[in-house]
Structure formats: C-alpha cells, structure tokens
Amino acid sequence: MSSPNWKICSKMEIPCPRKNNLNTVVVVTKDMLLCSLVERTLKDVYNLVFFSNIESSLDYIYNSLPHLLVLDVGKGEPSVISMLNQLKSDPIFGQMPALMICDDVYILPAWDDLLVEDFVRKSAIETDLMLRVNLCMARSERVVEVNPLTRLPGNIAITRQITGRLDKGEIFSLSYADLDYFKPFNDKYGFSRGDEVLKMMGRLVLNIVKNRQPVNSFAGHIGGDDFTFIMEPDLAAETALEIMDTFDRIIPTFYDPEDRVRGFIESVDREGNKRTFPIMGISIGSADNVERHFSHYGEFTELVSEMKKYAKDSSGSSFKQDKRR
Amino acid sequence: MPKVSVESLKVGMKLSKPIVNDTGMVLLGAGTELTQSAIERLSAMNIAAVHVEGPSSPLMSREKLLSDLDARFRKTENEPHMSDLKRLIKEHIEELFK
Amino acid sequence: MDIQNLRIQIERIDTLPTIPKVLRKLLKIIENPRASMTEISEFVSSDPVLTSRVLKVVNSPVYGFPGRISSVSQALILLGLNVVRGMLLGVSVFEVMEKAMNGLWRHSLGCAVAARVIAKKKGIKEPEEVSIAALLHDIGKVALSLKFPEDYKIIIDNTDKQSLFIFESEKNFFSVNHSDAGSWIAQRWNFPRNLIEAIEYHHKPHLSKTVPLNAAIVHFSDVLVRGLGFGFAGDHFVPPVNPASFQLIGLSDGDLKDVITELEDLLEDGDPLSPEE
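Residue numbers (the working numbering), protein chains in the order written: chain A, 1 to 325; chain B, 1001 to 1098; chain C, 2001 to 2277.
Think of the hints as simulated: they come from the structure by calculation, not from any bench.
All residues carry an ideal CB built from backbone N, CA and C; glycine is no exception.
Be aware that a few hints might be false.
Unchecked claim - From the structure, some residues in chain A lie toward chain C, with a derived Cβ separation under 10 angstroms:
| id | residue |
| --- | --- |
| 1 | Asp113 |
| 2 | Asn207 |
| 3 | Asn211 |
| 4 | Gln213 |
| 5 | Met244 |
| 6 | Thr246 |
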C-alpha cells in the first residue's frame, strides 16, 4: 500500500501534505483488509489518514479537525464508543461528522448513546461507503444553528433552553456576560484579532461552566461579544468569578506589548475624539427563579439584562446578581 | 532531613517522612525507627532512598562533590562571573557539611 | 545533511515522546475520573514534553487564537478536561537513550524551578512565563535525538571524548544546534513569540529583541543548574554566562546565595547533590 496521499501514521509523524482542496478523512481501524478496501474506494476523492486505534487518532484530530471521522467499531467495544462520545461532546469537534463502520452482527444501541451521524455495515462497504461519506460531508455543510465563531449554541437554542426549563418547572440561574471596551479593541486591532478574543471567550465560558457543573449546565453565544450560561443557582456566583478572573489573566496576551504594559489603548470614540480605553474586562449579570416566579421567559431575560447593565457601571470586570426577593 | 540511599540505612535511624506506595497508602509512618527487617523490605521494594531524621549527610562525600565541581567548571572558570558563581556554589556545599 | 533538509525533518515531528516514569504517572492521572484541573495542570507543568504538547494543541488554528497562550493552566482551561484527557492518551515513550533522557528531564525541570525562583526574586509579574520557557529550552535535543537517534548518540559520545559542550558537538555534526531545532518546532507549533525567542536564544541571550530579560533568565538558569550538577544536559561542563545578560538580571552575591539555597531545597527530592546520572 503505497499510494501517494496517505500512509498508516507512525506515532511521531504528521501525515503527508494535503492534496489541494481535498477534504480530509481520518479512518480508524485495525482491520487491514478494511483498510485497503476503504483506501481503494476513497483515495481519489479525499485525503486519507489512517490510525489503528482511536487513542492514537485523538492527537491528530484535536490538532487539525478533519472533515470526517470514519470509525470501525467492530462488534461495538464500549471503550471505543465512549471515547467517541467524549470527542463529540466538545462543540468544535461535535460539528465533525462521524461515520461508523460496524460488523453485520452488531446490534445498534439507542442513538443518544452513540454520537455518530451515519453508519455502514461491513457487508455493504463496496456498495455504500462512498455514498455515505459524501452524504455526511453534504449534511455537515448545511447550516446548523451555532455561532460560526465559537460553535456555541446560538439564539434559537438559547431561547429553547430557557423556555424548556421554565416549562418543566426547573429552578436555575441565568447569566449574561459581555466584554467591556470590546469595540475600541476591534477598532484599533482589527476584526481578526477581535474574533480571536471571542473564540477564546467561547472556550473559556464553556469549559469553566462545564467544569463546575458537568451535568445540566448550558453555555451559549448570543452574538457579538454577548454570552450566556445556565447553572444551578448556588454555582452561579463562583462560576462568574472564575470566568472573570481567568479572563483577566489571559486577555493581556491579546494586546501588543506597549499597550499591555501601559494598561490601555489609544483609539477614537464614536464621535471621532481620541480617547484612551483600558484593557478589556467582563461584565456579568445574573438572576434565578429560586424565589421569583417567571411566567414568560422575557421577564427572566429582562431582569438578567438589567443586572448586567448594573455590572457594566462598575469599572473593571464585575458581577452583579439579583438578590431582591 | 536528608535523603539517604537504602544501602546506607542503619538500624535505629528514624524516618523523617512517611513512605507511601503507589496508591498513596502509608507503608511506614514518619518517626518510625528502622529495624533490620524493615530495611531489608525497603531494599526488596526497589526504593532508592528515604528521608531520615538527623544532620545532613548527603549521598556523596564532600571531596567528591568538590572535585566534581572543579571538573565541570574547568573549561570556563576564568570567564567573567564564573569564578564568583563557582565560589558561591562551593560555599554552599561547604555549609552542608558544617 | 543540509540545513534546509534538517529543518524539514524536524518540522515533520508531530509529537514528542516522554520518559517511562512520566508516562506511568500520566496514565494514573488520566484514568482517575476525579482528577482535578489543578492536579493535571501541576503534573503537565512538570514535564517538558507534556507542556509542549498542551501548548501545541491550544495554539492550533483549530481553536482560533494561535500564538497567544504560553501558560499551562490557561491552556487547560481553554481546552477543557475532555480534550486534555483525549490528547494525553496518545503520549508515547522514549525507548532509546533512556539514561541520557532521564538526565535531560531533570535538567529541564531544574531550570524551570530556577527560572521561577529568579523571576520571583526580581519581582517579575509573570514568573510562570519564564519558567515555562526554561522548562522547554532544550526541547530541540529531544527532537534531534528522536529524529536522528544514532547520530545523537555519536554527538553525546563526542562531548565526552573531545571535552566539548553539547552545542559545539551538535554544530560540528549538523551545522546547527538544539536551540535552532527547538525554535523550529516552537514556530511550527505556533507558540507565542516570547516563548520562541527564549528557546532560540538561550545560548545567545543578547540576541533576543523582544524578550531580552526572559532570555537572560533562561540562559542563566541553564548555567546555574549545570553549575550545581543537577541533571544531565548532554555534556560535563558549565557553559560561560553571557556577561551582558548577567548584568541585565542584576543579582547580587547575596541574591545568588538565596537563589542557590532555595533551589536546592526545592530540588531536594531529586537528589541535588548526586552527580549527573
């Protein structure tokens, strides 16, 4: 097997350089026959990268985000499936489609427990593999409602979360976070760097929220520099503080050294006057329905917005939580 | 509270830090006085060195430490600041044997 | 082999291997579902290869902000526990030259600790940044010995036989040394500029334009740790300190004495007084 655009990856080397414009497909299987069959079928249309087990593929995937993962689960080893589910649980990698190849005798579980986009049985590979791969690619290109920058759920999903929980009678806290002095930063450093900050913010909010409350929490990106998260009421304050603290430590590296040292940037305000703006901070507002009752989600969101506005009035990163009863 | 190689352990020495196994379980607590059988067990377990109470008596002799120091500074001790650095390290070694 | 070719080979390296001792501990930590971010962070920060791996992933364009992150704890927060676990699962082990590599690990760790101590003594705001640079400064040696194991064995033999410094021996053989190799990897892996320079110039700190002080501290940490005989950096001699950089750091005899004492205390568990392994 010495085709020019792939080889079984040794542990240390990156795969051969891409052919122009072809999508990359990572294929994970121990079965050499399956390997050559897949290679024969797909090699002219895709860049293929082969690994013999899922562990060794993770480093490549986490570094390069391929267009599709083709995974041989054989008879359905639980460890392989669990690793796949973990991989797909991250928003960036959740968007990467996974196509499962399974033995004919494999009994498929409920789809909630197996986060793949499609499957093909070994006996059907010759006839169906190419079609299924192409279908996965096409499907993933259709618009999914996530924020394109951060891949976090967008407005529709956010609203659904809030109304869904209220309908179920759930008690939870809702917080809004946005960046102070984001616009002058964008003006001075350009939208590209502004986008970097937003992407970083997305990872930050998502991971801190998930870390503090792995189950039933939620992080979303409303748009621009507005983020939101849902948690158990007791956890909201400490989560907000951790987000602010971590952001304050990371954000200086996005500034040029002179500005970083000075602690401010020089730019123009909306009227066109030269002004100085401090290093960005975060304002977070939060409220819950522990004591209050909201019949419409709008009442809840309005209160949280009010808290956030209140937070913005304080200088530097700050957090305001509704404590009125 | 020096670290001493298991070969140099003597009966009667006391542990200044506990010995724990891979899972964190304490095998011998701090303050344990070492018996011959305890020392044999430690040696069978492939432990290289343990912390014992007592004055600092490092693994190597003062002479060996100083001659090693000389050897590695041989090439550069006449360069700026190097003799000062060597002197400070030498003083530090001497302190350990006071 | 010409330099162009050498560089291509080095840049092809996707992942560096670590030493068996580290791998054993790593597996324990990954397998523990209750391992906290802090635990993982401390462990990763103590190993040059794991640190370089984490920094490589977080600075990958996939996440959207390449070249910004040089702190392990920040990297772990931005990546998240799942990604970190998954990524560390594929770590492999250095099977060749184990003895030399163990010595190199201790040397790197010693330098990281030394840099932190010095940075704190000088009141530098972000001691972790310099400490990471010191931890990673010899990553080029790992790369060269991974790619050219037989050649690197010869190079180390030569330092012995001809009483050379390792960077002299490397240059005789390859025309470049480990600082170059390390800087190539750091650039390829999108490390922040400060980190790249500290690695590239740790033997010639006066050449660093963006971070002269950091480069000076990493350079001096290297000299100091070798002066104390801790770990094994590939040769048996203490390299000369760059006078301009030494002045830049500005440590008095008293300061230096304090640093040496504190360093020995912190490194105590690693048998600071025993010779290179």
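The hints, checked one at a time:
1. The beta carbon of aspartate 113(A) is not positioned within 10 angstroms of any beta carbon in chain C (closest approach about 17 angstroms), and the interface hint is therefore violated.
2. The restraint placing asparagine 207(A) at the interface with chain C holds, with a minimum CB-CB distance near 4 angstroms, inside the 10 angstroms limit.
3. Taking 10 angstroms as the C-beta contact cut-off toward chain C, the hint placing asparagine 211(A) at the interface holds, the least distance being around 7 angstroms.
4. Of the supplied interface hints, the one on glutamine 213(A) is violated, with its beta-carbon coming no nearer than about 13 angstroms to a beta-carbon of chain C, more than 10 angstroms.
5. Below 10 angstroms, beta-carbon pairs count as interface contacts, and methionine 244(A) has none with chain C, the closest being about 13 angstroms; its hint is therefore violated.
6. With a least beta-carbon distance of about 6 angstroms to chain C, the hint placing threonine 246(A) at the interface is held under the 10 angstroms criterion.
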